[in-house]
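Sequence lines, in order, name chains U, S and E.
When we follow my numbering, the leftmost residue of the first sequence carries the number 79, and every step to the right adds one.
When we follow my numbering, the leftmost residue of the second sequence carries the number 79, and every step to the right adds one.
When we follow my numbering, the leftmost residue of the third sequence carries the number 79, and every step to the right adds one.
Please note that the accuracy of each hint is not assured.
A pair holds if it fits inside one copy or across any two, identical chains being indistinguishable in the list.
To be verified - Dumping the calculated BS3-like pairs for lysine-lysine here, alpha-carbon to alpha-carbon at most 25 Å: (1) Lys378 with Lys389; (2) Lys378 with Lys262; (3) Lys361 with Lys382; (4) Lys366 with Lys378; (5) Lys139 with Lys361; (6) Lys382 with Lys123; (7) Lys378 with Lys361; (8) Lys168 with Lys378; (9) Lys366 with Lys256; (10) Lys164 with Lys382; (11) Lys389 with Lys366; (12) Lys389 with Lys361; (13) Lys91 with Lys168; (14) Lys91 with Lys366; (15) Lys382 with Lys91; (16) Lys256 with Lys386; (17) Lys80 with Lys139; (18) Lys389 with Lys256; (19) Lys168 with Lys262.
Because the hints were derived from the structure by calculation, they are not lab data.
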Amino acid sequence: MKLYEIAAFLGCKEIEGSIEISGLNTLREAVEGQISFLSDSKYEKELSETRASAVILPLSKSHLLPEGVVALESDEPYMSIALLSKYFAKPIRSSEIPPIIGEESVVYPSAHIENGARVGAHCTIMSGVYIGAETVIGDNVILYPNVTIYRDCIIGDRVMIHAGTVIGSDGFGYAHTKMGEHIKLYQNGNVVIEDDVEIGANTTVDCAVFGSTIIKQGSKIDNLVQIGHNCVVGEHSILVSQSGLAGSTTLGRNVVMGGQSATAGHLSIAPFTTLAARSGVTKSITNKGVYSGFPLMEHKLWLKMQAKLAKIVEH
Amino acid sequence: MKLYEIAAFLGCKEIEGSIEISGLNTLREAVEGQISFLSDSKYEKELSETRASAVILPLSKSHLLPEGVVALESDEPYMSIALLSKYFAKPIRSSEIPPIIGEESVVYPSAHIENGARVGAHCTIMSGVYIGAETVIGDNVILYPNVTIYRDCIIGDRVMIHAGTVIGSDGFGYAHTKMGEHIKLYQNGNVVIEDDVEIGANTTVDCAVFGSTIIKQGSKIDNLVQIGHNCVVGEHSILVSQSGLAGSTTLGRNVVMGGQSATAGHLSIAPFTTLAARSGVTKSITNKGVYSGFPLMEHKLWLKMQAKLAKIVEH
Amino acid sequence: MKLYEIAAFLGCKEIEGSIEISGLNTLREAVEGQISFLSDSKYEKELSETRASAVILPLSKSHLLPEGVVALESDEPYMSIALLSKYFAKPIRSSEIPPIIGEESVVYPSAHIENGARVGAHCTIMSGVYIGAETVIGDNVILYPNVTIYRDCIIGDRVMIHAGTVIGSDGFGYAHTKMGEHIKLYQNGNVVIEDDVEIGANTTVDCAVFGSTIIKQGSKIDNLVQIGHNCVVGEHSILVSQSGLAGSTTLGRNVVMGGQSATAGHLSIAPFTTLAARSGVTKSITNKGVYSGFPLMEHKLWLKMQAKLAKIVEH
């Protein structure tokens, strides 16, 4: 799709621009030939350094762009990028190269590995597993039955994923029209799972909108856990069953999340933080400690509150 | 099964009635040849207008039936209908007609589509997908790997269902004996998913006991969400990850349910209502607004309560 | 692996011991040829009666062992048993005997049944189902599509398991190094599901570390429920959607757990206890009753507390 076609599609003012656009990306990550967007003023400072060929943004901000970067003016940049994203969505199948399977790996007959995928050595890919196009699996990996891994993901060595877990499903991202309809932002990113991670059964890890959702080395994730798009789970973290991370939240290393605990999106949790079972985090945590409750507080304070509440009821 | 056989099976008094009974249904929906039941007095007013051929109900209510409708007297009508339901449960396979696949649809080799099912045009039915008997899938639908859709469901156009999600599993309905055993009420209904709905990974949508569980047009449902039997999700609603709807609850259009929020069963939630993350709804909501907490309250009130609680602890 | 090799592997003092060790087990369950361990002093009293051939334990406790039982001294017995467990993990495939399928059972073509497994009569094993090695399935069982049952499990008669559910996935058990790494304790146990149990869709039931996770006769489990390793669910219990049991918790018969309720691990819940939706149990319950809230309290008290809190906010 050429730049001037995109401008026309978005209803921007007519522009010259015969450059072929290859994809969409964030201001920070975009490279030449890509389009980016500004939908949240906190990223405004990234405008001056973007290497995108064009940026969708409000008229009032277009003077902040570096010379040579085309402004695609829009009152609703997030809606514009969502409408556009469909045309840059990656197809399910995109390669003619048959999958490569490493030595001494066992692939069950009903597993399905797309063209362009690679599986390392000494892996066990069990029945009903799906591995998407261009996904790369390390060595000594076990994928239990009916695991699904979408396209473009990267799975490290000695990773173990239990039955029914889904890696790389689309993040939950939509732009909303004034009529209350939701326009899908097609997800371009992937999931990266580093070495020695174990993931339980029927857990879900969404792919990133752009870039990667990352589960770092040695982390252990239980059953029925939700990890939203663009999250980063630090090294050696532990997420107990039915916990959930909303999109774009980052856990430091050795964070422990108890059962049914959860965080809102776009937060940062300090390394070595422990979140008790059922805790709900709505603000970033900068000091490690043990936290409980919803709203979240220090665990000691939570215990004190519960004691006071018990007294209130007695009277 | 003939009506007099059913009466004998249920231990009702001996009746004449050589009519063949074709199924079970609610008082409102039953047609000639079907049996209905009265287990909750709030439906008593529907007795006089039922078109069922027979109704299971307490002796004291049988005078409320229209002439010509046979009373099957039972002290425990819900138990009676549960015991009976097994004999009217639909078989997993019921058709000799091979599935019909629309033009330019791709069906992966390990997908299984039962006889009597139909898939529209331009669909992608990925590996490990199961589509039950008589289920009808619209056009431009993507079913990601290992999605299961039970029999009799109806899926609209441009629906996208992510990996591992289950549509049409049996609702959680049992009659309880005095000995504490649970007698399954076999589920006769289906799930209807309207156009432009997207459903995340490893979510579950139960079929209706009778009639339909309905996800209306344009709604977006995240990962690991539970939708109970006979729920109706209004147009353009948004259900964030790990939220849950108990049976027979109706959401108006554009309802937003935050992560890990939930409702009890048999409720009605006003259009344009927002339920914050973790909120728990136990009563119907008639005025739209933003609600939080468990028990549920207006979000503003919830914030005030949290501030007061914080003060209590300080002292 | 011979006993002296194990001692060398664990860095224990050199011992004689040419006996071949066949496996690991608890103090109570271990038999001759097995190794056990003491990592929690509450099991100290079981040392004197263990039939294990050797026990990993701190130096200070080794005098409590019966004569003839070898002490493998370790400052961190749980870490030692975790490190050792990898060498005794059962392989995914272990039998040359083709699976045995009972009469009039239907197995869909894409189901995968491992060697050494047995399926009873009149069963329906649908597409994408996986049945592990040595697992035994009773009569009249329905396994809906994409159900996964790991090795060594035992499934009773008339059991119904809905789509996507996982039985026997590894429990979430690790020993933690001083550097914050997690060493997997490979799970040796299984899951036993007794007669007449129904389990919903996308639920997870972990296998036991040693011994069995047990779902007793007639229990009904909804969708998206988590049952941890070594739990026992009593007869005719009901677990509503999105509820969770942490490891080693025992429910008495006819316990009801509401939606999104949960328990901590190693608890015991009295028979006929009802846990309201969202309740969170952190201590054992010895008196049956109806309980709510988190922290848990009698439901009546919880209602009173909510009323008082509402008044506080009014002022």
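These are the hints, each one checked on the structure:
1. Lys378 with Lys389: both (17 Å within a copy, 15 Å between copies)
2. Lys378 with Lys262: Intra 43 Å, inter 31 Å, cutoff 25 Å: neither.
3. Lys361 with Lys382: Intra 21 Å, inter 18 Å, cutoff 25 Å: intra and inter.
4. Lys366 with Lys378: Classified as within; 14 Å inside a copy, 30 Å across copies.
5. Lys139 with Lys361: Result: close neither inside a copy nor across copies, 29 Å intra and 47 Å inter.
6. Lys382 with Lys123: Classified as neither; 44 Å inside a copy, 36 Å across copies.
7. Lys378 with Lys361: both (18 Å within a copy, 18 Å between copies)
8. Lys168 with Lys378: neither (49 Å within a copy, 43 Å between copies)
9. Lys366 with Lys256: between (42 Å within a copy, 17 Å between copies)
10. Lys164 with Lys382: neither (52 Å within a copy, 43 Å between copies)
11. Lys389 with Lys366: Intra 30 Å, inter 24 Å, cutoff 25 Å: inter-copy only.
12. Lys389 with Lys361: between (29 Å within a copy, 19 Å between copies)
13. Lys91 with Lys168: neither (28 Å within a copy, 59 Å between copies)
14. Lys91 with Lys366: Neither, since 51 Å and 39 Å both go past 25 Å.
15. Lys382 with Lys91: Classified as neither: same-chain Cα gap 61 Å, cross-chain 48 Å, threshold 25 Å.
16. Lys256 with Lys386: neither (46 Å within a copy, 37 Å between copies)
17. Lys80 with Lys139: Answer is within; shortest intra-copy Cα gap is 23 Å, inter-copy 73 Å.
18. Lys389 with Lys256: neither (49 Å within a copy, 39 Å between copies)
19. Lys168 with Lys262: Within one copy, since 14 Å is at most 25 Å while 37 Å is not.
The earlier numbered hints that this structure contradicts are 2, 5, 6, 8, 10, 13, 14, 15, 16 and 18.
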